[in-house]
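Make a model of the complete structure from these sequences and hints.
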Amino acid sequence: MKQQIHYREIDGRSPGFFALLGLIGALILVGLGAAYYMEHNGHYVTGMTNQIVWGTPHVFAVFLIVAASGALNVASISSVFGKTAYKPLARLSGLLAIALLVGGLAVLVLDLGRPDRLIVAMTKYNFKSIFAWNIFLYTGFMVIVAVYMWFLMERKMNRFSKVGGLTAFIWRIMLTTGTGSIFGFLVARQAYDAALMAPMFVIMSFSYGLAIYLLVLMAAYKWTNRPLGDAIIFRLKNLLGVFIASVLYFVVVYHLTNLYMTEHHSYERFVLMDGGVYTQLFWVVQILLGSLLPLLLLYLPATGKSRTWIGISAALVIIGGMAQIYIIIIGGQAFPLVLFPGMEVSSSFYDGVVSHYAPSLPEILLGIGGTAIAAIIVLLGVRVLRFLPVSLEDKYTDPHHETTGTAAQASEATA
Amino acid sequence: MTENSNTDKSRRQFLGSAAVAAGMAVAPGVILHQTASAKPADEAISSKVRWGMLIDTAKCANGCDACVSACDEEHNLGGGRSETDAQWIRKVELRDKQTGHSLTMPLLCQHCEFPPCVDVCPTGASFRREDGIVLVDKHICIGCRYCMMACPYKARSFIHEDLHDQKPYSPRGKGTVESCTFCVHRVDRDETPACVEACDAEGHNAMIFGDMNNPDSEISRQLASYSSSQIRGDLGLNTGVRYRGI
Numbered sequence: 007m008k009q010q011i012h013y014r015e016i017d018g019r020s021p022g023f024f025a026l027l028g029l030i031g032a033l034i035l036v037g038l039g040a041a042y043y044m045e046h047n048g049h050y051v052t053g054m055t056n057q058i059v060w061g062t063p064h065v066f067a068v069f070l071i072v073a074a075s076g077a078l079n080v081a082s083i084s085s086v087f088g089k090t091a092y093k094p095l096a097r098l099s100g101l102l103a104i105a106l107l108v109g110g111l112a113v114l115v116l117d118l119g120r121p122d123r124l125i126v127a128m129t130k131y132n133f134k135s136i137f138a139w140n141i142f143l144y145t146g147f148m149v150i151v152a153v154y155m156w157f158l159m160e161r162k163m164n165r166f167s168k169v170g171g172l173t174a175f176i177w178r179i180m181l182t183t184g185t186g187s188i189f190g191f192l193v194a195r196q197a198y199d200a201a202l203m204a205p206m207f208v209i210m211s212f213s214y215g216l217a218i219y220l221l222v223l224m225a226a227y228k229w230t231n232r233p234l235g236d237a238i239i240f241r242l243k244n245l246l247g248v249f250i251a252s253v254l255y256f257v258v259v260y261h262l263t264n265l266y267m268t269e270h271h272s273y274e275r276f277v278l279m280d281g282g283v284y285t286q287l288f289w290v291v292q293i294l295l296g297s298l299l300p301l302l303l304l305y306l307p308a309t310g311k312s313r314t315w316i317g318i319s320a321a322l323v324i325i326g327g328m329a330q331i332y333i334i335i336i337g338g339q340a341f342p343l344v345l346f347p348g349m350e351v352s353s354s355f356y357d358g359v360v361s362h363y364a365p366s367l368p369e370i371l372l373g374i375g376g377t378a379i380a381a382i383i384v385l386l387g388v389r390v391l392r393f394l395p396v397s398l399e400d401k402y403t404d405p406h407h408e409t410t411g412t413a414a415q416a417s418e419a420t421a
Numbered sequence: 156m157t158e159n160s161n162t163d164k165s166r167r168q169f170l171g172s173a174a175v176a177a178g179m180a181v182a183p184g185v186i187l188h189q190t191a192s193a194k195p196a197d198e199a200i201s202s203k204v205r206w207g208m209l210i211d212t213a214k215c216a217n218g219c220d221a222c223v224s225a226c227d228e229e230h231n232l233g234g235g236r237s238e239t240d241a242q243w244i245r246k247v248e249l250r251d252k253q254t255g256h257s258l259t260m261p262l263l264c265q266h267c268e269f270p271p272c273v274d275v276c277p278t279g280a281s282f283r284r285e286d287g288i289v290l291v292d293k294h295i296c297i298g299c300r301y302c303m304m305a306c307p308y309k310a311r312s313f314i315h316e317d318l319h320d321q322k323p324y325s326p327r328g329k330g331t332v333e334s335c336t337f338c339v340h341r342v343d344r345d346e347t348p349a350c351v352e353a354c355d356a357e358g359h360n361a362m363i364f365g366d367m368n369n370p371d372s373e374i375s376r377q378l379a380s381y382s383s384s385q386i387r388g389d390l391g392l393n394t395g396v397r398y399r400g401i
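If you're matching them up, the sequences are chains C and D in order. In terms of the working numbering, the first sequence opens at residue 7 and continues consecutively. In terms of the working numbering, the second sequence opens at residue 156 and continues consecutively.
Since the hints were derived computationally from the structure, they do not count as laboratory data. All residues carry an ideal CB built from backbone N, CA and C; glycine is no exception. Incorrect hints may appear among the rest.
Where chain C lies over chain D, by a calculated footprint (3+ residues, C-beta under 8 angstroms) [claimed, not checked]:
#: 1; region: 230–238
#: 2; region: 245–252
#: 3; region: 268–275
So, in C-alpha cells, the structure goes:
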C-alpha cells in the first residue's frame with residue numbers, strides 16, 4: 007500500500023503571501039489599464055499595424071494557452087498512464103492548466119478590436135472557423151478539467167478520476183491541435199500552411215507547460231516550507247529534457263522541409279540568416295538559451311542535481327518558448343506575402359518588404375497582466391482549496407522508496 | 156450567410172408587401188414610374204450575378220493612382236499614419252527579377268468565390284454576398300483580425316483609431332476590419348465602383364467592372380476573348396478580380 011497523501015490549503019497569513027498577492031494584483035490592474043488605454047485610443051498606440059496585425063499580446067496569449075494544456079500533462083501521466091508517482095501532483099496540474107488558459111484568453115479578448123462584443127463571439131458562430139472551434143475547445147477544457155479536479159479531490163468520486171483524466175487528456179490534445187491549426191490552416195503565408203504546426207504545438211505545450219509546472223511547484227514548496235523530495239523533481243526535470251529535445255526535433259523537421267523546397271528558401275533565409283531580430287531570437291534565444299543550454303544543464307551531473315540549475319533551466323525553456331512563439335507569430339507576419347513569385351514588388355502598403363514591428367509598452371503590460379491573472383488564480387486556488395500535498399518527500403512520490411520501512415513511514419505520515 | 160440572405164429576403168418580402176399596400180392606396184391618379192435597372196430594389200441579391208473586375212495592366216499607367224484617390228475619397232479613407240491607415244486599393248509596382256520587365260497595377264480585395272477571410276471569421280462577420288461581393292458586417296466583427304492573417308492578398312485593413320466624417324453609405328468603425336466593398340452602394344444602384352469610374356475619367360480604361368455570369372457583358376466578352384489570370388491562382392479561390400498582362 008502506498009503512503010496516504012495529505013493535502014492542505016496554504017496558510018496565507020504571512021506577510022510574504024500578502025506581498026505576493028499585492029504584487030500580482032497590481033500587475034493585473036496595470037494590465038487592465040493598458041488594455042483600456044489601447045481600446046480607448048485605438049490600436050495605433052501599439053506596435054501593431056495593418057501588416058503586423060497580431061502583436062505581443064498574441065505572443066503572450068498563445069504561449070499561455072499552449073502552456074495551459076501542457077500543464078495538465080502531469081495529471082494525465084498519473085490518471086491516464088497510471089504513474090502513481092505523479093498522483094500527488096495531479097491537483098496542482100489541473101489548477102495550473104485552468105489558470106494559464108484563463109490568463110491567456112483574457113489577453114486575447116482584451117486585445118480584440120471590440121472586446122465589448124465578446125457576447126457576439128459567444129452567440130454567433132461560423133463553424134468553418136478554427137477560432138469558433140477554439141471557443142468551444144477552451145470553454146470545454148475548463149469545464150472538463152474542473153470536473154476532473156472534482157473527481158480527484160472528492161473521495162467519493164475518485165473512482166471516476168481515470169475516466170475524467172482520459173477525457174481531459176484527449177480534450178487537451180484537441181485543444182492544442184486547434185491552437186496550432188490557427189496557423190497551420192493559413193494557406194496564404196510562407197511561415198504557416200503546414201500540417202506540422204498542430205503536432206508541433208502539442209509538443210511545445212508539453213515542454214512549456216512542464217517548465218511552468220516545475221517552477222510553480224518549487225516556488226510553492228519553498229515559500230510554504232513544505233518538504234519537496236528530490237525524487238519527483240528529478241523525474242520532472244528528466245521529462246522536461248525529453249520534451250525540449252522533442253520540440254527541437256519538430257523545429258528541425260519544419261526547417262529542413264522548408265529548406266528542401268525552393269519556394270520556401272527566401273523565408274528560411276529570413277529566419278535563419280538575415281532576419282535581424284528574428285534571426286537573433288531564433289539562434290540565440292530559442293535554440294541556444296531556450297533549448298541547448300537547458301538540455302545541457304538538466305543532464306550534466308554537476309548541474310542536473312541542483313534545484314537552482316533545474317529552476318534556471320525551466321525559466322530558460324519559458325524564455326525560449328516565448329521567443330519561439332514570437333518568431334512564429336510576428337516573424338511569420340513580418341515576412342512579406344508572396345503574391346508574385348519571381349517578382350520584385352513594392353507599393354504604398356508595404357508589399358514586398360519585411361514589415362517593421364516593435365512591441366509597445368501597453369502590449370507588454372497587457373501580456374504581463376494576463377500572466378498575473380493566471381498567477382492569482384493559482385495563488386487563491388491553493389489558498390482556499392486543497393491542491394497541494396502537505397509533503398512531497400520522496401517516500402510519497404518514489405515508487406521504489408516503499409521497500410524501505412513502509413510501516414514506520416505510514417504511521418509518521420498520518421501522525 | 157444563408158441566415159443573412161434569409162433575413163434579407165423576409166425583410167424584403169415584408170417591405171415589398173408594405174410597398175404594394177401603400178401603392179394600392181395612392182395608385183389612383185398617380186403614374187407609377189420605374190427607372191430601368193438591372194435589379195429592382197425589392198429583389199433579393201441572387202447568385203445569377205457574379206460581379207467581377209478585369210484589370211488590364213498594359214493600360215494601367217505608371218505613376219497614376221486615380222483609382223486609389225477615388226477610393227479614398229469615396230469612402231473617406233486615409234489619415235496621417237501610413238502604417239495603420241486603411242487602404243482598400245493600392246498601386247503595386249512589379250519588376251521581373253530575371254528579365255527586368257516591369258509593370259504597375261491596382262490591387263484590391265479579389266472578391267474570391269472561396270474567400271479564406273470568410274472561412275476563418277469566427278462570428279460570420281466576413282461574408283460573401285450571393286452576387287460574389289465579399290463584405291464585413293461591422294456590427295458582428297469583433298476585431299480579432301484573423302481574416303487579415305488569412306487573406307492571401309493583404310487586402311484588409313483594421314481601423315486603428317477613431318473615425319470622423321464617415322460617409323453614410325460606407326459604414327466603418329474603430330476596432331473592426333474592412334476592405335474593398337466593390338462600392339456595393341453604387342453597384343446596387345447599377346453604377347460602377349469609384350475606382351473604375353476614375354480610371355475611365357483619366358482615359359486609361361484599364362478597369363472593367365461587370366457581371367461575369369452574363370455572357371453579353373463587356374467583362375465576360377473580354378474574358379472570353381483574351382487570356383487573363385488570377386493572382387495566386389494556385390490557391391483555387393476563383394477570384395472575382397482578373398488581370399491581363401501578368
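So, going through the hints one by one against the coordinates:
1. 230–238: holds (count 3)
2. 245–252: It holds, with 8 qualifying residues against the three required.
3. 268–275: holds (count 4)
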